[in-house]
Every structure is written in structure tokens, then in C-alpha cells.
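K.L.:
Take a look at the letters that make up each chain.
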Amino acid sequence: MNKQLFLLPKSTQVLILTVLSVNLLPLLSTLSLWFLAICAIVVLWQWAIFKQLVGAPRAWMKALIALCGCVLLIAFGKSLGLLAGMIHLLCLSFILKPLELRRRADFYQFVVLSFLVTTTAFIFEQSIYFAMLVGAILLLNIMLLLSYFYRESRLQPLATYSTKLLLQSMPIAIALFVLFPKISPFWQVPQAKSSQTGLSDSLTIGDLSKLALSNELAFRVEFEGTTPSYQQLYWRAMVLEKFDGKTWQRKRARIDDVINYAQVPANRHNISTSAEKLVRYQIIQETSFKPWLLVLDLGQPDRDNPLKDVIVLNDYSLVLKDGVNKPVAYKLASDLNARLNLYESNVDLRFNTSIDASSNPRLYEYGQTLKENFKGQSELIAQVLQTIRRQNYRYTLEPPPIPDHSLDSFFFDTKAGFCEHYASSFTYLMRAAGIPARVVLGYMGGSYNSQGQYFRVLQREAHAWVEVWFDQRGWVRVDPTAAVDPSRVSQGFSSQLLQEQTALASFSFSQWMSGQMFDQLRYYVDMLDYQWTKAVINYSSLAQFNLLTSWFGQQFKLMATLSIFVTLLVVVFLYFAVKWLQSVKTRESNPHVKYYELMLKGLAKKGIYKTNEETDAEFIRKLKEIDTNIAMHVALVIRCFNKAFYQHMKVSKQDIIKMRQAVRQINKTP
Amino acid sequence: MFKSIVQRFKTKFNAFIDRRMPTTGIHKLSHKNIFIFPTWFGFAFLSFAVLLFVLGTNYQNNLIILVSFFIVGLFTVVMLHSYSNLAGLEIRSNGTLTGFVAEPIDVSIALYNTEKRRSFVFTLKQPVSSKTVIDIVADKAKLSVTLPRRGVFTIERLQLLSEFPLGIFRTWTYLKFPITFIVYPEPKPCKVAQIQHTLIDEEGDTEPNDKRVKGDDFYELAQYQLGEPLSQVAWKQVAKGQAWQVKRYANHVKPNHNVLKLYDMPGNNIENKLSHLCFLVLEYHQAQIPFGLDLAEQIIDSNIGEQHLTTCLEALARWGSDCEARNE
Numbered sequence: 001m002n003k004q005l006f007l008l009p010k011s012t013q014v015l016i017l018t019v020l021s022v023n024l025l026p027l028l029s030t031l032s033l034w035f036l037a038i039c040a041i042v043v044l045w046q047w048a049i050f051k052q053l054v055g056a057p058r059a060w061m062k063a064l065i066a067l068c069g070c071v072l073l074i075a076f077g078k079s080l081g082l083l084a085g086m087i088h089l090l091c092l093s094f095i096l097k098p099l100e101l102r103r104r105a106d107f108y109q110f111v112v113l114s115f116l117v118t119t120t121a122f123i124f125e126q127s128i129y130f131a132m133l134v135g136a137i138l139l140l141n142i143m144l145l146l147s148y149f150y151r152e153s154r155l156q157p158l159a160t161y162s163t164k165l166l167l168q169s170m171p172i173a174i175a176l177f178v179l180f181p182k183i184s185p186f187w188q189v190p191q192a193k194s195s196q197t198g199l200s201d202s203l204t205i206g207d208l209s210k211l212a213l214s215n216e217l218a219f220r221v222e223f224e225g226t227t228p229s230y231q232q233l234y235w236r237a238m239v240l241e242k243f244d245g246k247t248w249q250r251k252r253a254r255i256d257d258v259i260n261y262a263q264v265p266a267n268r269h270n271i272s273t274s275a276e277k278l279v280r281y282q283i284i285q286e287t288s289f290k291p292w293l294l295v296l297d298l299g300q301p302d303r304d305n306p307l308k309d310v311i312v313l314n315d316y317s318l319v320l321k322d323g324v325n326k327p328v329a330y331k332l333a334s335d336l337n338a339r340l341n342l343y344e345s346n347v348d349l350r351f352n353t354s355i356d357a358s359s360n361p362r363l364y365e366y367g368q369t370l371k372e373n374f375k376g377q378s379e380l381i382a383q384v385l386q387t388i389r390r391q392n393y394r395y396t397l398e399p400p401p402i403p404d405h406s407l408d409s410f411f412f413d414t415k416a417g418f419c420e421h422y423a424s425s426f427t428y429l430m431r432a433a434g435i436p437a438r439v440v441l442g443y444m445g446g447s448y449n450s451q452g453q454y455f456r457v458l459q460r461e462a463h464a465w466v467e468v469w470f471d472q473r474g475w476v477r478v479d480p481t482a483a484v485d486p487s488r489v490s491q492g493f494s495s496q497l498l499q500e501q502t503a504l505a506s507f508s509f510s511q512w513m514s515g516q517m518f519d520q521l522r523y524y525v526d527m528l529d530y531q532w533t534k535a536v537i538n539y540s541s542l543a544q545f546n547l548l549t550s551w552f553g554q555q556f557k558l559m560a561t562l563s564i565f566v567t568l569l570v571v572v573f574l575y576f577a578v579k580w581l582q583s584v585k586t587r588e589s590n591p592h593v594k595y596y597e598l599m600l601k602g603l604a605k606k607g608i609y610k611t612n613e614e615t616d617a618e619f620i621r622k623l624k625e626i627d628t629n630i631a632m633h634v635a636l637v638i639r640c641f642n643k644a645f646y647q648h649m650k651v652s653k654q655d656i657i658k659m660r661q662a663v664r665q666i667n668k669t670p
Numbered sequence: 671m672f673k674s675i676v677q678r679f680k681t682k683f684n685a686f687i688d689r690r691m692p693t694t695g696i697h698k699l700s701h702k703n704i705f706i707f708p709t710w711f712g713f714a715f716l717s718f719a720v721l722l723f724v725l726g727t728n729y730q731n732n733l734i735i736l737v738s739f740f741i742v743g744l745f746t747v748v749m750l751h752s753y754s755n756l757a758g759l760e761i762r763s764n765g766t767l768t769g770f771v772a773e774p775i776d777v778s779i780a781l782y783n784t785e786k787r788r789s790f791v792f793t794l795k796q797p798v799s800s801k802t803v804i805d806i807v808a809d810k811a812k813l814s815v816t817l818p819r820r821g822v823f824t825i826e827r828l829q830l831l832s833e834f835p836l837g838i839f840r841t842w843t844y845l846k847f848p849i850t851f852i853v854y855p856e857p858k859p860c861k862v863a864q865i866q867h868t869l870i871d872e873e874g875d876t877e878p879n880d881k882r883v884k885g886d887d888f889y890e891l892a893q894y895q896l897g898e899p900l901s902q903v904a905w906k907q908v909a910k911g912q913a914w915q916v917k918r919y920a921n922h923v924k925p926n927h928n929v930l931k932l933y934d935m936p937g938n939n940i941e942n943k944l945s946h947l948c949f950l951v952l953e954y955h956q957a958q959i960p961f962g963l964d965l966a967e968q969i970i971d972s973n974i975g976e977q978h979l980t981t982c983l984e985a986l987a988r989w990g991s992d993c994e995a996r997n998e
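First to last, the sequence lines map onto chains A and B. For the first sequence, the positions run 1 to 670 when the numbering used here is used. For the second sequence, the positions run 671 to 998 when the numbering used here is used.
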């Protein structure tokens, strides 16, 4: 065999270049800058080769580029992490593959690589817009594969045909998606490295005011039945109890320790309230790469719809074992009036009064004074809140700089700060006065989307508040922010705060969208994304179970498997049935064609063929030499056929009967 | 052992094909005569879907799982498209085609119902494989066949193959058309002058009263060797002062005027002789000289014209085939 040069059609070459430049778009945020630079160079180079500006690459050039990429990958591999490293490697082979298209198999490999690269982008993001982008790129990939077989240089028919293929395969894909059993992971896989968004695990002054600049979505909530009032929407994420003079931290630093030592056994976290008093709601939380879930006090996973791997901690917060690495949906039930005194012991409480007196001496001294002056705990707290309310404390996103994050200088000198300043100082003060207190981190409030009937909670609504221990009532929430800016806890950001936020935040698309003109549109768009997240991204085995149970009743297990096969079979069967019906229809309406074909078939069995060049008369003459009887019948059939076929005359019943008899006679004659 | 099983299977399969798709001049493609099977890339594509499913399941990522199901869906849909690309196509071809050995013979194939855009390839494995790509817009296809042997052949099953639209499925069919190839021997030039010379020479020389010669055909002039009968010496040549030569005779029918004899042809191989004869036939036809053929088994009277040429060439192509048939 001589080696033939493998040549791709021109449309395929153009599509390869397009796919090369477009496929990496969804992965832009994952790929490092230096890698994107390499990609850009390689794509430009291939474009130049296509335009014949430069010659075909030599082997050593290809090897050099591949080697450079690999060396860089090894050098940066550690910082990238396992998953991103593998994605980089995949993308590298993807962009270099077109330089090595020597056989048809190479082309196939490239197409499969291209599909894989596009699909892996879903590991990092899953919003509906992103899915649309990936869908469009998949369409482009189908076009690429099709162009090799279509022998069509224009792109438009290619696009039409590919879209047809895509749309036709969607019903099967959706049917499989809904019906195919959801399986738990086969083995552990490297997770995406966190790109820090949202709440961090500790609180230093300045953290939340930074986060308050972000208009990104944190989570959405849909209430079943009654919606609590705005003041009750304190979304608890985590509790911070350890203070080193500057930063509030968790009692246990490692999440594994938290799960091991603070977990409440499943049989104990039952709220003893009657079901009517419970507030039921579903939270759909965006990716945070942190284990913390959000819950209204006092909440627990809904008993009817438990999410796997949700752990209840004895500080009343909820944790997802593997972290929120993709949007998760979970249903909760809360008793808003329940007392938070279920699990505490004296040892724990003593921990909540320990502070370093030397870190903020003035505040400590003030606390000691308060302790002496007030016998009642509630009077003491009221006095402090009164102080905050009466004196000229300000609630602001841009407080004057405080040296060394000192709580002293905030509380006594600058008197201007965000919620973390107040929560932090207040807790310190309580502890100084000998009252067990701790900081709770989470979100406060949310904006209502009336179209979709759910709350959106943005990152800027991150909040810190205080919990104080009362011997009879347990942990009681005290929010010093409510004292300085009551509107924050009743309506959300005040207009002054929003102005500050707009001024401080850098330009963002969502900010721009939030202008009056786009409000309506924004609501719809957000609702669409909400439904997508709820129905598609979070379609779990539980959701599947519920859906199938509602369709088929309890015996669905057998039904599910059956219906998959039935759906597939029906699709295939319908196709052939339609084809068959069509052919029958044409035959029924054209009986002359049917008998004419039958006659030719009968003659063919005898080894007689009618060639195209022969006229009917010649054919019959030829037949006469063989068998006059057959020739007679054939002549009859041909005459009837011609009458109907060429003169467009309706075939009479007698003619059909005659034709049928003639064909039968031909078949009988040996 | 294994080979014989394969052989038996092949025979059975061919018999099945023959029964299912008998030879006819018009083939309409439908589920009765279309075969379909995934290509290796098709299987790879399907396993890619499985890979994505595993990836999606491990990441508990519904969208990746959705893409993997989409690929399964695409696989199914493409199967139907692949089939309908060929289904409904009507292919017609028949006739008797002539040509010389080792020269391409064009088989023209007419296609009907090509309004749907299609892409396919015709392949014929007889005996040297030939291939042609069908232009999707044209309704005619041309297939070049090169045959290495002289004779009369019926066409093998023609394979029509398509991997449209995504190369995932291969659809194909084997069609047998009532086409006959008549392959003439390859014309091999020989020294016309020499043969003509001997022919003319022999005619002028042979006297009707020469009893020894009568009934025997003059074959060649050979060097005289001592002891040979003097009556066979070619005196004419001797008289001219040339070297002593003897006339050799073969036991052949006496030739007519311009009758080309197969056994007069040079060469020790019958195929070579036929090739030379073929060349001469073409030469005579070219020169508009009437000629006849003596093929021992068959004698064609002297004549002229295209029809005569065809008859003669066909006789050359068929030469020996009757004999073989009789032997069998």
C-alpha cells in the first residue's frame, strides 16, 4: 500500500481552527494565564499554516512545543492541584493534536478529545448560561465531525443538519436522564480547588465589609407555606468561639475534628415541636467550596427529604461532609421559637467566657465595671445596646482605619464600623463581664423574587451577630447591628449603605444589570437559573424517586427499567413504522407500480432482465422468442402500467385485476 | 479446520445474499438489502459516553451525565440517519461491456431518488478492487473496473458503502447487476511484415501439383540440414543465391486469402498468440483490409467493418472457454 496524504476537506479544516479557539472558552477561569498564552500562540500558528503563511511544522518543532508545555506543567503542577493539572494536560494534547492529523484515526481522536475538553468544563460551573454556551460548543463539535462526511463546503447546511441531529437526540438524552438510575460515586476523585468566595472560616475586622461589596449570589430559599418576617431571617452558617485578640476562629480548626467532636447523633436532633409550627423551606446553595450549610434557628434536615451526608453540629449549624463543591439543594425544617439549650455543658460554657484581657484592656475594664454595676444579665445587655444606640456610633462600609484591628480603638475612639466590628466588640465585652458569648457568622435577610416566589441572598448580605448564654433560655441571639442601624435587620441595606457599596465595588455586570430598566428582566433571568439549578443540577436519586413514584406509584422500580427500554424501542419502532406506512401508502395508491415491479421481479427470477436502453416493444419482441405466453402477459402489464404512469390516468379496477392475474401467470410459467 | 469453517460460513452467507438480493437491473434500497453496523469509531464513541458517565457519576455532576446520555441519543439518531441516507435510493445498471485486458472498463450506474443529500462510495472487489466516490448531487456514477484476464465475466456483487453522517455507523449493501464483461486479449505487437511475407510467399510458392505439400500448411523456412529431402528445399531462395533453406509444413487447414490463423502467431503460449492475433485484427481493421479468422475451433469468414471487428474480438475473448466448459 502506498502512503497517501491524509487530506481533510476545507470546511473541516476551518472548523478545526474554530473549535480550537472556542472550546477552551468555558475553561478560561480554570486555565492559567501562561497556558492560555501557549494556546493562543499554537492556534495562531495553526491558522498561519492553514493560510499557508508558514510551512507545515517539522517534527522537532512539534516536539519542542509539546516538551515546553509539559515542562511548564510539571513546574506549575503543584500550585495547580491535581484536577486542574489534569485539565491542563488534556487541553495541551487537545490543542496540539491538529498538528498531527495523519490518518483518519487521528481525526477521530481529535474529535473525541474536543468533546471531552468541552464537557469537563461542567466540573467547574453549571449555571444555565454556561450550559447554553457548552451546548453551542458541542453543536460546533458535531458540525466538525459531520463536515468530514458531508462533502459540503458551506457552513450553513452543516449547521442546519447538526442542529437537527442535536435536537433529535435530546428527547432520548432527557428520557435517559430522567429514568436512568442515579448511581453513587464509584471512587474518590480530585475536587476543584476553591476559589475563595463567600464566608471564610474566621472573622477578622474588615472581612465582611470586603465581602459586602460582592453582589454574587450566595443561595436561594423557597419557603413552603408561611414565610417568616424579614427580622427572623438570620441564616446561621458557623459559630466562632475562639478569640486571639484579633481574629475570631472556630473552636476546632479542622473540619474533620468538628465532625468528630461536635456532631449530634442522628437520633437526638429531633425538634419536639408539633409539625404545624415548623417553617419548612428548601435552600439551593451556590458553590462555596466550604462545608457550611445555612439554617434558620433552630433547624434540622427535613425528615421526609433528608440529604445524604448532612451533619448536625451541637452549635446548631449544619455541615455537608464533602463540602459544597457544586450547587446543592436541601430541605430543612425550623422551629423559630425553640430554645437553643439542647447540648451545652459547663465545660463548653467556660470556654465561652475566656478572653485575653491584655489584647483590649479598655474594653475589658469596661466589661468588669458593667459586671459590678448590673446584677441582671439582661439589664447589662440592654445597657450596652443602649450605649450603642445613644452615642454617635455609625454603621458604615468604609470605617476609618483602625490600628492593629484593635477593638478598643473602634469602641471608644472611631465608633464607626460594619457588623463584624459590633459583633466582635460586643462578644468581647460580654465575655469581659463574665457572660458566655460567641460570634455567629452567616447571612441576614434576602430579596424576594415575586415571579419565582423565592428569596435570593447575595454575598453582600453576609452578617455576624452574637449569641449570649442565659441559664434558663440557652443561647439567645443579640444583634448589636440592630442597635446601630435598625433598617439593616428589617429591610436590608439602607440607601446610604448601597451608595457606599456602589462607590467601593468595582464595575460588575450584575451591578449594571440591577439598574431600574433591567429589574424585570433580571428577575426572569434569575428565576430561569433557579429552576435550572433546582431541576437539573440537583436532580438526585431522591428527586428521581419522588418523580417516578408520582408517575408510576410505588412499584416504579420495575417500571423505570421497563420504560427506558420501552421508550427506546418505541422511538425506533415509530421510525420504521412511519417509513413502512409511507411505502404502503404509495403502493396502495399506485397499484400499477406494485404490479409492474412484481412483474420485473418475476422475470428476473427466470433470468430475464429489461435493460434501460430497450424500448417496451423491443423487450416484448425479445420475450416472444423465449416464450409467447409470457410475452403476452408482460405486454398486458406494460400497457396498463404505461397508461397510468405516463398518461396519468386513474387505474381502473379491471386493469388491476388483469395485472394481478398476468403477474400470477408469469410466475406460474416455468 | 478454522479456515474450512470460515469458508463454509462464507458460502452460506453468499447463498443467503443471493437468495435475498437476486440479480436485477434495478435495485431499490430498503431494510431488505441494507446492512448496518457501528464502525470501530462508533464503538469508541459509545465507550466515550460510558467514560463520561463514570466521570459525571464520580463528580455527582448531572450535566456531565446529561452530556453522556446525549451522546447515547446521538448514537441512536445517527443510526437512523445512516440508514435513511441509503434507503429509498434506486440504482440501475445493466448491459454488456467490452474492453481489453488491463485497461479500465467504465461501468455506468444510474441513480434515482438522490434528492436527499447523500454521500457514499461504490466498491467492487473484482478481481482487482476498484473504487469510486459518488458525487452527491449527480445522479450518475462511473465505476472503473480493470480486469487482468481475457474472457467473459459476469460482474461480482457491487458494494455500496456509506459512513454518513458521523462515521459512527457503516451502512452498506451488495448489489448484483446483470452486467457482462467481455475482455479482449491485450494487443501485443508482432512483426506484421514477417507474417505477411511468409503468407504471401507461401501462396506464390505452393504449386497445386505438389502433392507433398497439398493438404499440409506451410509453416516456416528453416536452415537446411544434411539428410533432409530435397523436395522440401526452397529452390526459389537457392536460385536467388541465398542460403539453402527447407520449407517446413504443419498439418493445418489451408488458409484463405487474408485469413489470420491463431497457430501462425509467434510465441509459445496460447495467450501470447491470442494477444498477437488481437493486435493484427486491430491493425487490419485500422488499415481497412478485409480479413478472416481461423481459430481452429471456429472460423470467421473474411469481412470488414465494425460489426466484424466486434465479432472477431469477442471470438478471441471467448476462445477456449467452450473447451474448458466441455472438459468440466
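For the record, the hints were derived by calculation from the structure and aren't laboratory data. Any given hint could be a false lead.
Said to hold, decoys possible - One side of the interface only, derived from the structure: several residues of chain A facing chain B at Cβ under 8 Å:
| # | residue |
| --- | --- |
| 1 | Tyr129 |
| 2 | Leu176 |
| 3 | Phe186 |
| 4 | Ile284 |
| 5 | Lys321 |
| 6 | Gly323 |
| 7 | Ala382 |
| 8 | Leu385 |
| 9 | Thr387 |
| 10 | Tyr596 |
| 11 | Leu598 |
| 12 | Leu600 |
| 13 | Lys605 |
| 14 | Ala635 |
Quantities reported herein were computed from a predicted structural model and do not represent experimental measurements. Ideal placement from N, C-alpha and C gives every residue a C-beta, glycine not left out.
K.L.:
Can Leu600/A be said to touch chain B, with a Cβ gap under 8 Å?
P.N.:
7 Å, holds
K.L.:
Would the hint on Leu385/A be counted as holding, given a Cβ-Cβ threshold of 8 Å to chain B?
P.N.:
With Cβ-Cβ at 46 Å, over 8 Å, it is violated.
K.L.:
Regarding the hint that Ala382/A lies at the interface with chain B, is the smallest CB-CB distance below 8 Å?
P.N.:
49 Å, violated
K.L.:
Restraint: Thr387/A near chain B, CB-CB cut 8 Å. Satisfied or not?
P.N.:
51 Å, violated
K.L.:
Per the CB criterion, is Tyr596/A less than 8 Å away from chain B?
P.N.:
For Tyr596/A, the interface hint is violated, since the closest Cβ of chain B sits about 11 Å away, which is over 8 Å.
K.L.:
Taking the least C-beta to C-beta distance, is Tyr129/A closer than 8 Å to chain B?
P.N.:
Since the shortest Cβ distance to chain B is 13 Å, the answer is violated.
K.L.:
Holds or violated: is there a CB of chain B closer than 8 Å to the CB of Ala635/A?
P.N.:
Where the cut-off is 8 Å and the nearest Cβ of chain B is about 19 Å from Ala635/A, the hint is violated.
K.L.:
Interface hint check: Leu176/A, Cβ to nearest Cβ on chain B, cutoff 8 Å. Holds or violated?
P.N.:
4 Å, holds
K.L.:
Against chain B, with CB atoms and a cut of 8 Å, does the hint on Lys321/A hold up?
P.N.:
12 Å, violated
K.L.:
Does Phe186/A hold up as a contact with chain B if the rule is Cβ-Cβ below 8 Å?
P.N.:
Hint holds; Phe186/A Cβ to chain B Cβ min 6 Å, cut 8 Å.
K.L.:
Return the status of the interface hint for Leu598/A: holds when the least beta-carbon distance to chain B is below 8 Å, violated otherwise.
P.N.:
Since the shortest Cβ distance to chain B is 12 Å, the answer is violated.
K.L.:
Hint validation: Lys605/A versus chain B, beta carbon distance must be below 8 Å. Holds or violated?
P.N.:
Constraint on Lys605/A satisfied, holds at 7 Å.
When held up to the earlier numbered hints, the structure conflicts with 1, 4, 5, 6, 7, 8, 9, 10, 11 and 14 and fits the remainder.
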